[in-house]
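**Student:** Read off the chains here:
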Amino acid sequence: MGSVTATVAPPTDPNVTRWFRTFGAIAASGFRRHATYRQAAVAGVVTNTVFGFLRCYIFLAVAGAAGTVAGYDRAQLGTFVWAGQGLLAVIAIWGWTDLADRIRTGEIAADLLRPVHPVTSYLATDLGRAGFASLARLLPPVVIGPFFFAVYLPRHWATLPLFGLSVLLSVVVCFACRYLVNATAYWLEDVRGPMILWTLGSGVLAGLYFPLGFLPSWVEATLRYATPFPSLLQVPLDVLVEREPMPTELRLVGLQVGWAVLLLALCRLVQRRAEHRLVVQGG
Amino acid sequence: MAEPGALRAYRALLGAQARSQASYRTSFAVDLVGNMGATVFDVMTVLVLFGVTRELGGFTLRETLVIVGLSSFAFATADLLVGNIERLPRYVRTGLFDAVLVRPLAALPQLLLMDLPLRKVSRAVFGLAVLVFALASAGIGWTPGRVALALVAPPAAVVFFAAVFVTTATVSFYWIDSGELANSVTYGGRDFTSYPVTVYGGWFRALFAYGMGFAFVSYHPALALLGRPDPLGLPAWVGWASPGVALVAAAVAALAWRVGIRHYRSTGS
Numbered sequence: 001m002g003s004v005t006a007t008v009a010p011p012t013d014p015n016v017t018r019w020f021r022t023f024g025a026i027a028a029s030g031f032r033r034h035a036t037y038r039q040a041a042v043a044g045v046v047t048n049t050v051f052g053f054l055r056c057y058i059f060l061a062v063a064g065a066a067g068t069v070a071g072y073d074r075a076q077l078g079t080f081v082w083a084g085q086g087l088l089a090v091i092a093i094w095g096w097t098d099l100a101d102r103i104r105t106g107e108i109a110a111d112l113l114r115p116v117h118p119v120t121s122y123l124a125t126d127l128g129r130a131g132f133a134s135l136a137r138l139l140p141p142v143v144i145g146p147f148f149f150a151v152y153l154p155r156h157w158a159t160l161p162l163f164g165l166s167v168l169l170s171v172v173v174c175f176a177c178r179y180l181v182n183a184t185a186y187w188l189e190d191v192r193g194p195m196i197l198w199t200l201g202s203g204v205l206a207g208l209y210f211p212l213g214f215l216p217s218w219v220e221a222t223l224r225y226a227t228p229f230p231s232l233l234q235v236p237l238d239v240l241v242e243r244e245p246m247p248t249e250l251r252l253v254g255l256q257v258g259w260a261v262l263l264l265a266l267c268r269l270v271q272r273r274a275e276h277r278l279v280v281q282g283g
Numbered sequence: 001m002a003e004p005g006a007l008r009a010y011r012a013l014l015g016a017q018a019r020s021q022a023s024y025r026t027s028f029a030v031d032l033v034g035n036m037g038a039t040v041f042d043v044m045t046v047l048v049l050f051g052v053t054r055e056l057g058g059f060t061l062r063e064t065l066v067i068v069g070l071s072s073f074a075f076a077t078a079d080l081l082v083g084n085i086e087r088l089p090r091y092v093r094t095g096l097f098d099a100v101l102v103r104p105l106a107a108l109p110q111l112l113l114m115d116l117p118l119r120k121v122s123r124a125v126f127g128l129a130v131l132v133f134a135l136a137s138a139g140i141g142w143t144p145g146r147v148a149l150a151l152v153a154p155p156a157a158v159v160f161f162a163a164v165f166v167t168t169a170t171v172s173f174y175w176i177d178s179g180e181l182a183n184s185v186t187y188g189g190r191d192f193t194s195y196p197v198t199v200y201g202g203w204f205r206a207l208f209a210y211g212m213g214f215a216f217v218s219y220h221p222a223l224a225l226l227g228r229p230d231p232l233g234l235p236a237w238v239g240w241a242s243p244g245v246a247l248v249a250a251a252v253a254a255l256a257w258r259v260g261i262r263h264y265r266s267t268g269s
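Chains A and B supply the protein sequences, listed in that same order. Once you know that position 172 of the first sequence is 172 in UniProt numbering, the rest is easy, because the numbers rise by one and skip nothing. Once you know that position 11 of the second sequence is 11 in UniProt numbering, the rest is easy, because the numbers rise by one and skip nothing.
Source of the hints: derived by calculation from the structure; they are not laboratory data. Glycine included, every Cβ here is placed at the ideal spot set by N, Cα and C. A hint or two may mislead.
[As the list claims (entries may be wrong)] Just so you have them, the derived chain B footprint on chain A, three or more residues with Cβ under 8 Å: (1) 38–47; (2) 53–62; (3) 180–194; (4) 201–212.
[Claimed, not checked] Which residues of chain B face chain A? A partial, calculated answer using Cβ under 8 Å: (5) Val30; (6) Gly34; (7) Gly37; (8) Ala38; (9) Thr45; (10) Leu49; (11) Leu56; (12) Asn183; (13) Ser184; (14) Asp191; (15) Phe192; (16) Gly201; (17) Ala241.
Sequences are here, hints too, so could you generate the full structure?
**Tutor:** Pasting the structure below:
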């Protein structure tokens, strides 16, 4: 696969191609790894579906007789809930402690010896995982929901591609956040504190418990520009239900790009500082 | 099980748990706060929803808070007492459950006391605070009967949720990787009972409210306390049925547990 060792001649093809091939191979292995947990995927789909019913009924009750709330009509709320239940597993907000576990056990040392930067290789694995999740976890709720609730179908041709891009960016932003939370393990003996804060904050601030539009508009705007959380879930869902006019949606996705770049850069910075520290400790 | 020797053994298990969990002070404090946070956000969500609507399923904020209070106190307390039965799949997979079975004590209390999550005390206390505040501010016309119900309904709801935890956990005797499946009933039930049943519709409501009995956790007792007739048309005495429903649920849980253990075959790990 083109890694450089003492016994293999240095590759002659351009670096970029090699980088993409490595990245692709790691992503594919991430996809395969998660494709083996089929029972877990089925159980997850059942849970997402039950919560889809619960949230859908509750939000529709909030919309009440008027039928609209915070710029969403009943069908848009339906799409918001069911696509949101599917996306939850794609961006995988919760339950990722791989990096923290490897730091604690010292196995991270093996990752540092590899020719691929740890942020890059974990990101590739995560994108592969997200790829499997978008087949196994995103599709079922999106198909099941419309059988029981009115849903909103996008009207603008550009919405679906923009939604796809927005989801991809959500995955990257979510990965970067989780990486940073996990990376606190380099400094802290016990990462439970940051982990709990992240678990609590991410669900409610990303728009899972309720669309952030239910909050006063200045709170929503502050969250959107000052924190990466709405970029995890709220933005792709708003794009999908066409809550805002197209230029605004493009700006929101642009904001996601900003968060993705900023947070990935921060991941690399944190990783470099952590590696220096590891060397100092002789670990 | 009531013999003094067994009791002393259980107390020793509990004491060991308390000491081990309290020995890392900072972690324990962080956990206390973090665990409360989950319930705080549940209650906050209800407040946010009432920020954009006057009523939910025909109920005002004050009335809904009685329902939320009952639900979050009952869930948090049941989660504190028996919630760790959720780890059963891991015990089965790693073979720890075999060790538990060969000891001369009942399996269920051992499992619960081996891992009593003291950090969850904070949520139960917060749930109780919400419940007391809701009962005090809902404008309830107190009668001796309603005082009795206010005292009996919360423990009954705790027993009900505890039964749900145990029953759903027994699935892992048959299907090792069933963790998330159990969540859909336990955590789904918690969310279901946080809102008036009138919010939901169709077969979904029928299944959760009456098929599984979640309507008796908070909705019907709250109606009886508030003195409101049921918009869905059930008679007023149903509000008083929650202890009976809780006993039935506990019996079902005990049966499921016994059948499950008999069915259990070690994974050999």
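**Student:** Now, for every hint given, state plainly whether the structure supports it.
**Tutor:** Structure-based check of each hint:
Coverage of the segment 38–47 of chain A by chain B holds in this model, with 6 residues showing a Cβ closer than 8 Å to a Cβ of that chain against a need of three. Restraint check on the segment 53–62 of chain A versus chain B: 6 residues with Cβ-Cβ distances below 8 Å, three needed, restraint holds. Counting residues of the segment 180–194 of chain A whose beta-carbon sits less than 8 Å from any beta-carbon of chain B gives 3, enough to reach three: the coverage restraint holds. Remark: the segment 201–212 of chain A is confirmed as covered by chain B, as 4 of its residues place a Cβ nearer than 8 Å to a Cβ of that chain, reaching the required three.
At about 4 Å, the closest approach between the beta carbon of B:Val30 and any beta carbon in chain A falls short of 8 Å, and the interface hint on this residue holds. The beta carbon of B:Gly34 is positioned within 8 Å of a beta carbon in chain A (closest approach about 3 Å), and the interface hint is therefore held. Nearest Cβ of chain A to the Cβ of B:Gly37: about 4 Å, under the 8 Å cut. The hint holds. Checking B:Ala38 against chain A: minimum C-beta separation of about 6 Å stays under 8 Å; hint holds.
The criterion of a C-beta within 8 Å of any C-beta in chain A is met by B:Thr45, whose closest approach is roughly 5 Å, and the hint holds. The beta carbon of B:Leu49 is positioned within 8 Å of a beta carbon in chain A (closest approach about 5 Å), and the interface hint is therefore held. A distance limit of 8 Å between C-beta atoms decides the matter here; for B:Leu56 the minimum to chain A is near 5 Å, and the interface restraint holds. Contact between B:Asn183 and chain A, as hinted, is supported at the beta carbon level, the nearest pair being about 5 Å apart and thus within 8 Å.
At its closest, the beta carbon of B:Ser184 sits 4 Å from a beta carbon of chain A; the interface hint therefore holds under the 8 Å criterion. Taken as an interface hint, B:Asp191 checks out: its beta carbon lies about 5 Å from the nearest beta carbon of chain A, inside 8 Å. A cut of 8 Å between beta carbons decides the hint on B:Phe192: the least distance to chain A is about 6 Å, and the hint holds. Because the closest C-beta pair between B:Gly201 and chain A is about 6 Å apart, less than 8 Å, the hint holds.
At its closest, the beta carbon of B:Ala241 sits 24 Å from a beta carbon of chain A; the interface hint therefore is violated under the 8 Å criterion.
Of the numbered hints given earlier, the model fails hint 17 alone.
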